[in-house]
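Trainee: Sequence lines, in order, name chains Z and C. When you line the first sequence up against the numbering used here, it's residues 6 to 290, in that order. When you line the second sequence up against the numbering used here, it's residues 6 to 788, in that order.
All the given hints hold, so there is nothing to weed out.
If you anchor each label on the Cβ, the simulated ranges turn out as follows:
1. C:His714 <-> Z:His266: 20 to 28 Å
2. C:Ser121 <-> Z:Pro90: 44 to 52 Å
3. Z:Lys156 <-> C:Thr61: 48 to 56 Å
4. Z:Asn269 <-> C:Pro437: 37 to 45 Å
5. C:Asp395 <-> Z:Asp93: 56 to 64 Å
Since the hints were made in silico from the structure, they are not lab data. Remember, it's a predicted structure, so these values are computed and weren't measured experimentally. Every residue, glycine too, gets a C-beta built ideally from N, C-alpha and C.
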Amino acid sequence: MKPAPFVRHVPRTLQQALAMLSQLAGQDGRILAGGQSLVPIMAFRLAKPAHLIDINEVEGLDRLDSDGKALTIGARVRHAAFHGPVVDNPLAALLTYVARHIAHYPIRMRGTFCGSLAHADPASEWCLTTATLGATMIARSTRGTREIAAKDFFDGIMSTALAEDELLAEVRLPLLAADAKFGFNEFSRRAGDFAMASSLVAYRVVDSKIAEARVGVGGAEPSPRRIAEAEAALNGQPPGDAAFRAAALAASDAVDPLEDHQTNAEYRRDLVRVVVRRALEHSLQ
Amino acid sequence: MNAPTKGSRGDALKWVGRAIRRLEDPALVTGQGHFTADLPATHWVRFVRSPNAAGTINSIKTPDGALVITAADLTAVKKITPMLHKFEYKPVGQPVLADGVVRFVGEAVAAVVASSEEEAEDIADLVELDISASAPLVDARDALASGAPQIHTGAPGNVIVKGEVKTAGFDDVWASAAKIIKIDARSHRQNATPMEARAAHAAYDKTNGRVTLTCTTQMPHLMRTAIADLLGMRESDLRVIAPDVGGGFGQKMSLCTEYVLLVWLARKLKSTVAWTEDRRENLIASFHSRDQYVTLEGAFDKDAKLLALRADVVSNVGAYSCFPTTCGVEPLMAMAEMPGPYDVRQYQCLARGVLTNTCTMAAYRGVSRPIITFTLERLMDKAAKAFALDPVDIRRRNLIGTFPYTSATGLIYDEATYKETLEMAVHEIDVPAFRARQKEARAKGRYLGIGFATFSERTGYGSPAFAARGMAITPGWETVHVSVDPSGYVEARIGASPHGQGLRTTLAQIIADELGIPPDLVKVVHGDTDTAPYGWGTFASRSLVISGGATLIAARKVRAKLIKIASHMLEAAENDIVLEDGHAKVAGTDRSITIASMAREIYTQTHRFKGELEPGLSESGTYDPPGTFSNACHVAIVELDPETGFVKVERYLVAEDAGRIINPMIADGQVHGGVAQGIGNALLEEIVYDGDGGILTANLADYMPPTAHEMPHVELHHIETPSTQSITKAKGLGEGGTIGAPAAVLNAINDALTPFNAEIDTIPATPQRIRAALREATTKKSA
Ligand SMILES: Cc1cc2nc3c(=O)[nH]c(=O)nc-3n(C[C@H](O)[C@H](O)[C@H](O)COP(=O)(O)OP(=O)(O)OC[C@H]3O[C@@H](n4cnc5c(N)ncnc54)[C@H](O)[C@@H]3O)c2cc1C
Numbered sequence: 006m007k008p009a010p011f012v013r014h015v016p017r018t019l020q021q022a023l024a025m026l027s028q029l030a031g032q033d034g035r036i037l038a039g040g041q042s043l044v045p046i047m048a049f050r051l052a053k054p055a056h057l058i059d060i061n062e063v064e065g066l067d068r069l070d071s072d073g074k075a076l077t078i079g080a081r082v083r084h085a086a087f088h089g090p091v092v093d094n095p096l097a098a099l100l101t102y103v104a105r106h107i108a109h110y111p112i113r114m115r116g117t118f119c120g121s122l123a124h125a126d127p128a129s130e131w132c133l134t135t136a137t138l139g140a141t142m143i144a145r146s147t148r149g150t151r152e153i154a155a156k157d158f159f160d161g162i163m164s165t166a167l168a169e170d171e172l173l174a175e176v177r178l179p180l181l182a183a184d185a186k187f188g189f190n191e192f193s194r195r196a197g198d199f200a201m202a203s204s205l206v207a208y209r210v211v212d213s214k215i216a217e218a219r220v221g222v223g224g225a226e227p228s229p230r231r232i233a234e235a236e237a238a239l240n241g242q243p244p245g246d247a248a249f250r251a252a253a254l255a256a257s258d259a260v261d262p263l264e265d266h267q268t269n270a271e272y273r274r275d276l277v278r279v280v281v282r283r284a285l286e287h288s289l290q
Numbered sequence: 006m007n008a009p010t011k012g013s014r015g016d017a018l019k020w021v022g023r024a025i026r027r028l029e030d031p032a033l034v035t036g037q038g039h040f041t042a043d044l045p046a047t048h049w050v051r052f053v054r055s056p057n058a059a060g061t062i063n064s065i066k067t068p069d070g071a072l073v074i075t076a077a078d079l080t081a082v083k084k085i086t087p088m089l090h091k092f093e094y095k096p097v098g099q100p101v102l103a104d105g106v107v108r109f110v111g112e113a114v115a116a117v118v119a120s121s122e123e124e125a126e127d128i129a130d131l132v133e134l135d136i137s138a139s140a141p142l143v144d145a146r147d148a149l150a151s152g153a154p155q156i157h158t159g160a161p162g163n164v165i166v167k168g169e170v171k172t173a174g175f176d177d178v179w180a181s182a183a184k185i186i187k188i189d190a191r192s193h194r195q196n197a198t199p200m201e202a203r204a205a206h207a208a209y210d211k212t213n214g215r216v217t218l219t220c221t222t223q224m225p226h227l228m229r230t231a232i233a234d235l236l237g238m239r240e241s242d243l244r245v246i247a248p249d250v251g252g253g254f255g256q257k258m259s260l261c262t263e264y265v266l267l268v269w270l271a272r273k274l275k276s277t278v279a280w281t282e283d284r285r286e287n288l289i290a291s292f293h294s295r296d297q298y299v300t301l302e303g304a305f306d307k308d309a310k311l312l313a314l315r316a317d318v319v320s321n322v323g324a325y326s327c328f329p330t331t332c333g334v335e336p337l338m339a340m341a342e343m344p345g346p347y348d349v350r351q352y353q354c355l356a357r358g359v360l361t362n363t364c365t366m367a368a369y370r371g372v373s374r375p376i377i378t379f380t381l382e383r384l385m386d387k388a389a390k391a392f393a394l395d396p397v398d399i400r401r402r403n404l405i406g407t408f409p410y411t412s413a414t415g416l417i418y419d420e421a422t423y424k425e426t427l428e429m430a431v432h433e434i435d436v437p438a439f440r441a442r443q444k445e446a447r448a449k450g451r452y453l454g455i456g457f458a459t460f461s462e463r464t465g466y467g468s469p470a471f472a473a474r475g476m477a478i479t480p481g482w483e484t485v486h487v488s489v490d491p492s493g494y495v496e497a498r499i500g501a502s503p504h505g506q507g508l509r510t511t512l513a514q515i516i517a518d519e520l521g522i523p524p525d526l527v528k529v530v531h532g533d534t535d536t537a538p539y540g541w542g543t544f545a546s547r548s549l550v551i552s553g554g555a556t557l558i559a560a561r562k563v564r565a566k567l568i569k570i571a572s573h574m575l576e577a578a579e580n581d582i583v584l585e586d587g588h589a590k591v592a593g594t595d596r597s598i599t600i601a602s603m604a605r606e607i608y609t610q611t612h613r614f615k616g617e618l619e620p621g622l623s624e625s626g627t628y629d630p631p632g633t634f635s636n637a638c639h640v641a642i643v644e645l646d647p648e649t650g651f652v653k654v655e656r657y658l659v660a661e662d663a664g665r666i667i668n669p670m671i672a673d674g675q676v677h678g679g680v681a682q683g684i685g686n687a688l689l690e691e692i693v694y695d696g697d698g699g700i701l702t703a704n705l706a707d708y709m710p711p712t713a714h715e716m717p718h719v720e721l722h723h724i725e726t727p728s729t730q731s732i733t734k735a736k737g738l739g740e741g742g743t744i745g746a747p748a749a750v751l752n753a754i755n756d757a758l759t760p761f762n763a764e765i766d767t768i769p770a771t772p773q774r775i776r777a778a779l780r781e782a783t784t785k786k787s788a
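With the rest of the complex left out, here is chain C (with noise of 0.2 Å):
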């Protein structure tokens, strides 16, 4: 068990700092959680979607008595159509079912309505879809050519939004240059991936006209008002419900057009409707990620201190914008926080988004940021080697050291470690043992190396961080309701939507020091906008921090309540009263009562408080912060085989600061699972298309996550820095185990290469691709 932590009052915390096991965890490992696809429906769906990447549809036949939907039974719904006031940006609008034009293929083009999925499934596969295909744009450099077709009429030259920055005296300082080194970064397209795919069901209720939605999503309430203002709703007239849910990783923080029919369907038959989607859909339909061009180049000093960065980032977008974030989620990402860790002044960067015939793209742990941070390391790698420095000296000499600190692009980093853990993980790794040994093995013709990433993790940001970006729904901060029931329990309805972050454990625990009980008599509820309050649900490494907040905040009320009661009922100074153990205490007496006496007290004896405490005890605490930046440095160790191509990640260590941590053991399983998931990144995971738009890579054999055979034990030390922007003084952390490991593996890779003077700038890095790698560098070599 952890040594307590000083809490914000000043007085040891009892249980923030402790890893107590999770709350949820019972009835997940028993088999007793709720998930959408457990419903009981009446209809089922099964979605119709097209064969091909371009095309005009001609025709839609269906069987003879078959209830299929399509585009011309949904004239009354609009377009999704989410929207950025800024960057050059261009609505399009994506129809629920594809309305006389496919984009990509998978769209949805009808829906089929059976009693069973069997059945719709029967049904489905006798659909006749006669679409005239055109040739399509896969590839976001092909969609950018002149004269390349137009996806959508409102964004010429495929270019949908477009950030473009350069500050001040940029050139002369570039001019003044004693090296610029250059990275051709690429990064190939991923799926998140989520352990449940996506699946709703929605309900009509007879006696009221309300539907409920119960799907497998990140963000209820917006799923909720999105929905409503597309069908032309009252939002009172629906329920979503996000039940237990089996992973998002972003993927399910986006708007997808099938629950709108869904609820659609439900209002139309009055009745039940239900979808689960396939892990094929999953692959070809639901949101992807991560496919980008980027080139970086790095002006340094004689003294390899780096001088301004400029950037060209072209993000492939797929056919339309999601909801609310905008595809202008992952080229404006890499464009404000390129300069990463570093002490950088000058900066010129243009990033674009990119339309193809491709599915669509959304947020993925980490958006841009495995990306560029991928890119940068190598880049400072690149530089190190040209300075004839290590990589360690390098970061050394350029990592940002004294805070508050304004980025080249206006972000305030604030307090962090970016240093500390540096020095942190090159000593646990031990650096001089590890050349030893690579040396070593490499005489006896085995390639070892060594790669390392220092990032920023960007967390918590409030509304003004969204505003910044320009967005039509500013999404940011967080309300959070606490009560103590007549029995004494305590209830915590929150906006956010956890899905498997532990955050009801966590917020139980921050509650629990407020009022001096145990967790376990905390109870959060949320994912029910029935009973929850509206929020923004859990994304963006957001929810600790900002529900977190919002959560502290109302249990100080209700703390600051529970000791007016208390000096009462116990006729002791305010001053005087204890919050411990479940009783308030006078302190230096043995004076107490039960914190469940006071709350029967308020709710059934009120009149004893002579008017001057409110009866009930529940209060409201709302939180939107500036944001606040979680560091880390990643260390890989890999072996390389030449000969095949193949990566084995052989030790793999993080040091990390991340602020006040409130449960390490939860903290440690995010870092882990994100890890995992930067390894895919790094070395498996590629969704591949072929030329006419079609998807190779439609399963889980050819869609390659990391299973646990690929995965390294992750070593993990921690540094606590506690923030000033975050009231609990935590950061967040949901991200940052996805955004370092490309980085740091594909930089022990290109350092197991070094031998071959072979590189590889590409993620995943395939064993194909590093086989390709040698064979150029043994090509140059002959040459």
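Next comes chain Z alone, as it looks inside the complex (with noise of 0.2 Å):
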């Protein structure tokens, strides 16, 4: 369990790290951001990267501000950084409570918001978050800068629409409406195990009426997703159980299950009937 020989580059400012990814990435060259999907991968030999980019050091990538409309997310940002309220919208409420269901507290100090989703386990939280409130991400490479909206960007499990030498360099999130409300609800066997299934859903209540549902549903089918048919049981009902049971039941006939070992198809259902209703539920607490 030691990993291949490997070069180790630590560029200080987002150009040398550009530039660097660019040379490299074709000779097997890679990110290494908080480490903690990567380096076990490596331990393991799954990856035998030959060149690894360190952004530990990379200026400018720090960045967690606000503009009004999106919270922006730099590529240095680790989970632990929404452990307490990062903006004055019920957004920072939403990433506190998800933020906690991310692994153990170690990883969570180490581990980025930018790296969960270059690595796209479809299990991650960022992941599931990103795609139910449609962020947009930045991409950035010697050869300019994309952007790139969250459903165009998952790809199928670990794998995104991020070019070898592209740099996953910030995330934009937009900031909820001041009275919207979320839920968040997952499933996993012990605690801080990935997710067997999990749901972020956020909506607003307009006259009584449940109004612009985004239902996501993570861990259950290779890249999180928004789930129309849940979303549609959602809108112009009114806030409660029978709307929630709908949508629940939508969005686990709607899914395509993963399957594996200790999750076939049938119970991956079961796991996402449970997991959007108590999320519908947890947005009225």
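Take the two lone chains and join them into the complex the hints point to.
Mentor: Right, dumping it as structure tokens:
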């Protein structure tokens, strides 16, 4: 369980980092952020990058601020940054609540928000969050800057729309409406494990009816995504048990479940139904 | 602090019975422990392991210039071939490196030697194995099917060991039963998962040709004997050291091929060679356990009294047989101990060990008993339901209450408290209050359940018990040397090999009481074949009983000699001498002398003892007891989420009797740790093979031991019934926690499932399996 040989590079500026990435990407070069996914994979020799471009000292990538429309999260921002509120908006409470479900404390102190997105584990809480809330990913390379919508970013299990030479420099997460409600729920067998299914929901209540519903499901399919059928079951309905159950059922019917040794398709659908309903119930608490 | 208990001599014991702090802990908790992997080495080994579960090796291509050892280099090394002379056992040999044939994923095929672990792993990546794979047998039932491929030519039908018993008159009693209750239990495969995986370091001494093998093991002397045999060397040319060992749980009581290879390499290279196992290797290739199918039927009379038991045990023992116990350890333990704590006179059992293309099985804390206890305790709960009785009532009617009791399989149970611990647990948990709470919760859609497990734990058994299994190597006894050096400090050299059990402390407490000194004057030396007397190591809840007994015998001899020395030096009658507070005193006077000055005298002024006393102060004791049964009642309260199948253990209580408790804190720690592993077995831990014999759970994210989050607080209550079968009056308690927990948790889950008419008799009871059981019950209902 020793990684294969590699060379570590430590750029100080974004320009240096992008130049190194463009030069080394073709020679099996990879970004090292918090290392909480990459290093274990290297220890198992499932990945053997020849070069690591360590971005932990790159100036400016620790950006975490809001322009009143969106929260910008730089590539060096750790999960632990969200242990407390980061912006004066309901989004802050949402992020704090969700962050607590990621791994364990020591891992949250190192792992990064953007690293989770780039790694794209189907069960990642941040992937679910960005997919549900419609974040914009800012990818940079020596070739320029691209903006990628979350729905186009995730591309299957541990696969994204990022090109080899692109750095996920920052993410823009839209703020929620001041009266927005949100709820989150996930299921795992042990505390801190990756979720076997998770759901994040957000909506507004207009004239006692649900509006602008967003229902995201993670951990159940190769990538987290919004489930239109569940959102349709909510919009225009009064928040409550009937609408929540209908949405949960719609979500569990809509997913194409991943299977593994502890979760067959039938059971995964069970879990999707439960986490969606419980996320919705959480939104009322 | 506990009140002093009455000692063997009738006087108050000062140290035995007290929860003193463990003498071994300061070094361990300040990072000063010495572990095998801390040692520097010139050469490092990486094993290239088979990616195929079954097949023949066509070729092994190694990179130019690399030192890679294969079976072709080891023609002079014997195969590991443990032996039983009973139970139709078929000896099968395991080569140190796969020799032409691979039999499980993870089997070592080649050993790469390089100057660092990293380099060895880099080279290992470049070794190319050309294997013609064949279809593997993963499940024991498939291996038993007629026409199944034969894994070893010497074991037709893949049955390597077969035990059968049937008591006289069984059929008549069976036919007379009012009700027959049946259970089909399944225990999936588990790994003991010690915190420290395996590691070995072999150093060649050019001055004398000796090799010192430092390794993480539970039985250093047996490693020496076994490895010297396999390599054809003198035992005196091999020294085995077990330094601090980070847990074993049985996984480290079997000989592993890797350690043999390390000694062979150190001699070949005349150098120092090391290997540290990584977690993935440990999970796929060390030893597994608990992979069993058990079908158990109970015949009850109209009053729910158990008349007879009939069992069929199929134990998947993997690809080879473990040394020294052999793979009979699981099926034969199941057969011998199935009747558990119940008075049942008729018994029939067929127990088979079945070879498959999976990692070899070895002992794991509790061995078969977590499984047979879970099976039998589920049977009792099912029977209770069938008779419309409370689970507690059916146990009251059937538990053994008179002693000594000879079981249907001929085991002799000494004085114990099966009924008393049950009543204690029932009282402490407050069953009526729980039932009320359960009812209220159900009305709110929350499902609680309570589960009881009563069981016996056979501990501290000596050589006759092992001989009864027909073992070619029959462990059992222990020897201890206790000496007082000329400065008055005491050293006990023991053949047991503790690795976390706190024996340095508990043995010091026993000696302290005999010699009238504080325990911190006693140093317990173990784990080095050059300094410790030959012994069998630490396993099977034996060390405190057997090594403790030998310690007491040796300490009593030292005590007797000290009294003689004092009688000479103080010119008083031996009867008037008392040993206390580091002194020999003449009772009723102020005359006394320190133990240190007596020790100095017997070494340096021998002439003064007029030839009546031998020089020096060193004595030896050996103990080989018949065995003694501990017992306990475990109670689990769980909350089950029917929507997800998730189970939370809300409360856990143990009422326990392990005879005299030497150190209550250490005893409690043994139970806590055991319960944690038992809860892991009940709910979480499972080695999963795919159809090709590959392991899907090769890391600690997929193989899931419980963490602190999953552990409830464990409430402990003790009864102390001094054992008449153990001279310290102590019984063993190393395995009980693990034995009781799966039964208590599964009974609690099934109690919670009662409103759904669903049942689960599989461990681990994973959320998916619980949901499947609920779904099945719903389908049945609607059908
Ligand atoms: C025991 C354990 C439990 C865990 N449980 C959870 C959990 O419950 N939920 C969860 O979401 N995560 C979990 N994780 C993963 C953890 O959150 C990681 O921190 C995260 O997935 C990756 O972030 P990182 O900064 O550590 O990235 P790294 O490990 O450094 O990198 C991961 C991958 O992303 C690439 N990468 C990183 N940053 C960028 C970037 N800015 N641009 C382009 N590519 C980049 C790397 O090249 C690499 O391929 C767990 C990890 C462990 C060890």
